[in-house]
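For the record, the sequence lines run as chains B and W. The first sequence begins at 1 in my numbering and counts up one residue at a time. The second sequence begins at 1 in my numbering and counts up one residue at a time.
Mixed in with the good hints there might be a few duds.
[Unchecked claim] Listed below are the simulated DSS-like cross-link pairs for lysine-lysine, each with C-alpha atoms no more than 27 angstroms apart in a straight line: (1) B:82 <-> B:119; (2) B:317 <-> W:317; (3) W:82 <-> W:92; (4) B:15 <-> B:119; (5) B:92 <-> B:77; (6) B:271 <-> W:271.
[Stated by the list, open to error] Residues from chain W shown here face chain B by an in silico Cβ test under 10 angstroms; the list is partial: (7) 168; (8) 202; (9) 211; (10) 264; (11) 314; (12) 315; (13) 320; (14) 323; (15) 324; (16) 325; (17) 329; (18) 332.
[As the list claims (entries may be wrong)] Away from chain B, derived, C-beta distances all over 10 angstroms, residues of chain W: (19) 3; (20) 16; (21) 25; (22) 49; (23) 51; (24) 109; (25) 152; (26) 192; (27) 352; (28) 359; (29) 368.
No lab work stands behind these hints, which were simulated from the structure alone. All values reported here derive from a predicted model rather than from experimental measurement. Each residue gets a CB set at the ideal place from its N, CA and C atoms; glycine is no exception.
2 protein chains.
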Amino acid sequence: MNVNGIHFRSIWLHKSNPEIVQIIDQRNLPHEFNIEDLTTVDDVISAIRDMHVRGAGLIGAAAGFGMYLAALEAVSKSDPYKYVMQAGLKLKTARPTAINLAAAVERQLNSLSNNLTVKQMISYTLNIAQAIADEDAQACYQIGIHGLELINNIAKQNNGEVINILTHCNAGWLAFVDHGSATAPIYAAHDAGIRIHVWVDETRPRNQGARLTAWELEQHGVPFTIIPDNAGGHLMQHNLVDLVLVGSDRTTYTGDVANKIGTYLKALAAKDTHVPFYVALPSSTFDWNLHDGILQIPIEERGADEVKTIQGLAHNKLTTVLLTTPTSNASNFAFDITPSRLITGLITERGICEPNQDAIFKLFPEKHKLD
Amino acid sequence: MNVNGIHFRSIWLHKSNPEIVQIIDQRNLPHEFNIEDLTTVDDVISAIRDMHVRGAGLIGAAAGFGMYLAALEAVSKSDPYKYVMQAGLKLKTARPTAINLAAAVERQLNSLSNNLTVKQMISYTLNIAQAIADEDAQACYQIGIHGLELINNIAKQNNGEVINILTHCNAGWLAFVDHGSATAPIYAAHDAGIRIHVWVDETRPRNQGARLTAWELEQHGVPFTIIPDNAGGHLMQHNLVDLVLVGSDRTTYTGDVANKIGTYLKALAAKDTHVPFYVALPSSTFDWNLHDGILQIPIEERGADEVKTIQGLAHNKLTTVLLTTPTSNASNFAFDITPSRLITGLITERGICEPNQDAIFKLFPEKHKLD
Numbered sequence: 001m002n003v004n005g006i007h008f009r010s011i012w013l014h015k016s017n018p019e020i021v022q023i024i025d026q027r028n029l030p031h032e033f034n035i036e037d038l039t040t041v042d043d044v045i046s047a048i049r050d051m052h053v054r055g056a057g058l059i060g061a062a063a064g065f066g067m068y069l070a071a072l073e074a075v076s077k078s079d080p081y082k083y084v085m086q087a088g089l090k091l092k093t094a095r096p097t098a099i100n101l102a103a104a105v106e107r108q109l110n111s112l113s114n115n116l117t118v119k120q121m122i123s124y125t126l127n128i129a130q131a132i133a134d135e136d137a138q139a140c141y142q143i144g145i146h147g148l149e150l151i152n153n154i155a156k157q158n159n160g161e162v163i164n165i166l167t168h169c170n171a172g173w174l175a176f177v178d179h180g181s182a183t184a185p186i187y188a189a190h191d192a193g194i195r196i197h198v199w200v201d202e203t204r205p206r207n208q209g210a211r212l213t214a215w216e217l218e219q220h221g222v223p224f225t226i227i228p229d230n231a232g233g234h235l236m237q238h239n240l241v242d243l244v245l246v247g248s249d250r251t252t253y254t255g256d257v258a259n260k261i262g263t264y265l266k267a268l269a270a271k272d273t274h275v276p277f278y279v280a281l282p283s284s285t286f287d288w289n290l291h292d293g294i295l296q297i298p299i300e301e302r303g304a305d306e307v308k309t310i311q312g313l314a315h316n317k318l319t320t321v322l323l324t325t326p327t328s329n330a331s332n333f334a335f336d337i338t339p340s341r342l343i344t345g346l347i348t349e350r351g352i353c354e355p356n357q358d359a360i361f362k363l364f365p366e367k368h369k370l371d
Numbered sequence: 001m002n003v004n005g006i007h008f009r010s011i012w013l014h015k016s017n018p019e020i021v022q023i024i025d026q027r028n029l030p031h032e033f034n035i036e037d038l039t040t041v042d043d044v045i046s047a048i049r050d051m052h053v054r055g056a057g058l059i060g061a062a063a064g065f066g067m068y069l070a071a072l073e074a075v076s077k078s079d080p081y082k083y084v085m086q087a088g089l090k091l092k093t094a095r096p097t098a099i100n101l102a103a104a105v106e107r108q109l110n111s112l113s114n115n116l117t118v119k120q121m122i123s124y125t126l127n128i129a130q131a132i133a134d135e136d137a138q139a140c141y142q143i144g145i146h147g148l149e150l151i152n153n154i155a156k157q158n159n160g161e162v163i164n165i166l167t168h169c170n171a172g173w174l175a176f177v178d179h180g181s182a183t184a185p186i187y188a189a190h191d192a193g194i195r196i197h198v199w200v201d202e203t204r205p206r207n208q209g210a211r212l213t214a215w216e217l218e219q220h221g222v223p224f225t226i227i228p229d230n231a232g233g234h235l236m237q238h239n240l241v242d243l244v245l246v247g248s249d250r251t252t253y254t255g256d257v258a259n260k261i262g263t264y265l266k267a268l269a270a271k272d273t274h275v276p277f278y279v280a281l282p283s284s285t286f287d288w289n290l291h292d293g294i295l296q297i298p299i300e301e302r303g304a305d306e307v308k309t310i311q312g313l314a315h316n317k318l319t320t321v322l323l324t325t326p327t328s329n330a331s332n333f334a335f336d337i338t339p340s341r342l343i344t345g346l347i348t349e350r351g352i353c354e355p356n357q358d359a360i361f362k363l364f365p366e367k368h369k370l371d
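With the sequences and hints as input, model every part of the structure.
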């Protein structure tokens, strides 16, 4: 998508030096737009763990490129294959909840073997890294097409009134490689001339909504209003939300969704007020091995400082302020599970389906393991 | 309750000059503990509107004392009674949702008439202001006793395990005159030696939980953990909450509760996960004229700056930072409605009752208007 009118992906290979991977360092947005060079797999691990990059699709793409950087580094190692294998193991531990990270590493490792030359490993991992990124962008683009149809149908019932869409966290192009998952239908609808307005949950503690989604929408010219995470229920009670649209970091084949902490609360409010609640997700976020989100999906716990302090602009300088007493305890679960029973539908690159095993396998029959 | 070991109420008459009302200016807590002098009704209006004081009970008490300050000011006016009446009208508009504000002003105005001398008006308004404050403190104390019984029962079922209580916003002694509503049972249980731990919702946008409730609990030695407002659903899904305990800013006689924005979302999660959800409220928050919270209780909308900026400590200095782009829109509804169907019980100064008309009027029969 565009930044000040220039097209960017969220991750790409340096134009003149293909041994450098470039990302938008998302930590200081919307106040500063910084591009960062990653040249080692450790750079990638830090960038994922410390959230220079985040979001299911982008974590997967970054892991793909991380394995390519590991292969480049392997040139100088005594056992290049072993080095790349070990890099993969390290990479997988950077963040636990989104399945895209582990899946990208596995895909890279499955393409390699001890019989390959380092040069071949470099070439294979680069190809796969680029394929992961391209597939992610393409899947999000398709999600936009299917989601546009959904929004179009709501618009028809709404007699041309503005469609109010509530979203949580950033499931935008910054969370993927391009387009985004939950935002793809929003951009598509806006571009198609449908009048939409987005309620942007600020998404504490890291404020991905207020910082990233709002910035994305502003760059694209989509009308939006930032709201505290507490506000969605009130808005839905008063018919001020026509559609809730969120992303997913991991999805069971039964339709349970792990997404940013607080998503479950919005799903409950949507159910209680009869507002349609859709999850947009490229199928790369499906975990085909899990059937119970609450019991089986690991929920990342991050540091208390992300709750106790926050960064913003003071006198035009990035400043971190302490919000609590220094001695207060704080806890920081990063995701929660929205059970499938609260979800109206899943918007995937192959179309929209109900959040249940039968409907999901009907769209993705090749994933169905025979009993 | 105690601050550094010294007993404070949240509002009181200056010890040596009874023409001064003193409050704790809550805006800079927990970083700074400031006592502020109020000497005119306009001081009180600003203190309420700009939230130097907040919380249903304290707003009522402040309004009571505001009318006393208006009577003091009336000495120099040509028509003292008219001055006090007009001050009452102004005071009532300071904040719309909590009924205690209007109720306190009405109670003062009902005690006055054109036949009184200014001296009588001063004496009457002072007596009533002190009565409102004392009744509030006493009601909260009684809520503590009834709530302690409830917690005791949970403790018995829990085999001595720590009781985890989740609370939203600050329904602590800072929100009332003393003890607090939702915190009164917590303090009572802690003092009775029951092992409790409190999950404190930070309560965006003004962070009354992270700033005020956490500070109160820390001062009293009650173990607590601050959580983002998004986290409660996850904690309840994983059996980490035994009881949700919140306050009320206005309660219909049918049991609908207006409380800080986001309360409704926690009530939905509690219902979905079978966690008891109790609202602690002195009966002064009942609006005996309203039967439908969503349709009838006015919800205050505050400025966008409370969402877009936040104050904290940077290098030991109070600093306000901008969290969004300067051009982002933000909206700021201050309360939401929790329908009675989501509430397990109401803890009042007369005991605990179900949130329905019959049970409420059984506890408060004198309020029952005959059809």
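Which of the numbered hints above does this structure break?
none
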